[in-house]
Amino acid sequence: DAGVTQSPTHLIKTRGQHVTLRCSPISGHKSVSWYQQVLGQGPQFIFQYYEKEERGRGNFPDRFSARQFPNYSSELNVNALLLGDSALYLCASSNLPGLSGGYTFGSGTRLTVV
Amino acid sequence: DQQVKQNSPSLSVQEGRISILNCDYTNSMFDYFLWYKKYPAEGPTFLISISSIKDKNEDGRFTVFLNKSAKHLSLHIVPSQPGDSAVYFCSGSSNTGKLIFGQGTTLQVKP
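For the protein sequence lines, the chains are A and B, in the order given.
Here the first sequence is numbered in the working numbering, starting from 101 and rising by one per residue.
Here the second sequence is numbered in the working numbering, starting from 135 and rising by one per residue.
These are computed hints drawn from the structure, not numbers from a lab.
Don't take each hint at face value.
Restricting the straight-line Cα-Cα distance to at most 25 Å, the calculated cross-link-like pairs of lysine to any residue (SDA-like) are [claimed, not checked]:
hint : chain 1 : residue 1 : chain 2 : residue 2
1    : A       : Lys113    : B       : Ala175
2    : B       : Lys171    : A       : Ile126
3    : B       : Lys171    : A       : Lys113
4    : A       : Lys130    : B       : Gln140
5    : B       : Lys171    : A       : Asn171
6    : B       : Lys139    : A       : Val138
7    : B       : Lys171    : B       : Leu145
8    : A       : Lys130    : B       : Leu145
9    : B       : Lys205    : A       : Thr212
10   : B       : Lys171    : A       : Gln144
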């Protein structure tokens, strides 16, 4: 069974550019969440989607946006990139938006802004 | 406001001994606490969780203890194995499903 897949795995962008990161959840999972992990810190919540609707948003600027498609895959978009956006972006999927069994994470997209 | 704190950035133990990773939290609204393990170049992997109404949960070599009055939880790994060497993240979850992570503790298990 395929796990959570994210693309691309690595990306280098220039300040001011726009980036789109993609995530395919585990088959049957309807909830997708996005996290940003800066070096030396734990992952920080960005967005959660369930059944194509936004269920939660973290403390990130409006430059960050996301959406979920009918097949439950998701995109994270970041506009006007800043050097501080350099991080590992993680996607996580689950059956339900809130549960004890944990989320399954993908391996992430390493974004470097230069 | 850091709702989940892991005050020890690193821990080194000998193979076969016990590893104890600690975590403190401030948010009383968490209904579950979850531990994740992360290897380099991989995403976090779910390890074990505990409900806020429990004080202990055990799964094989892994046991999590919750002390609600102290707002403290700990993960015990017995016996520790070299393959356990990784970064361990403590997290809290409310009914929204959003996970709040600590900064992580790097565990090194020496053969």
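These are the hints, each one checked on the structure:
no.: 1; hint: A:Lys113 - B:Ala175; in the structure: holds, 20 Å
no.: 2; hint: B:Lys171 - A:Ile126; in the structure: holds, 19 Å
no.: 3; hint: B:Lys171 - A:Lys113; in the structure: violated, 29 Å
no.: 4; hint: A:Lys130 - B:Gln140; in the structure: violated, 31 Å
no.: 5; hint: B:Lys171 - A:Asn171; in the structure: violated, 29 Å
no.: 6; hint: B:Lys139 - A:Val138; in the structure: holds, 16 Å
no.: 7; hint: B:Lys171 - B:Leu145; in the structure: holds, 14 Å
no.: 8; hint: A:Lys130 - B:Leu145; in the structure: violated, 37 Å
no.: 9; hint: B:Lys205 - A:Thr212; in the structure: violated, 37 Å
no.: 10; hint: B:Lys171 - A:Gln144; in the structure: holds, 16 Å
Going down the numbered hints, you'll see the structure goes against 3, 4, 5, 8, 9, while the others check out.
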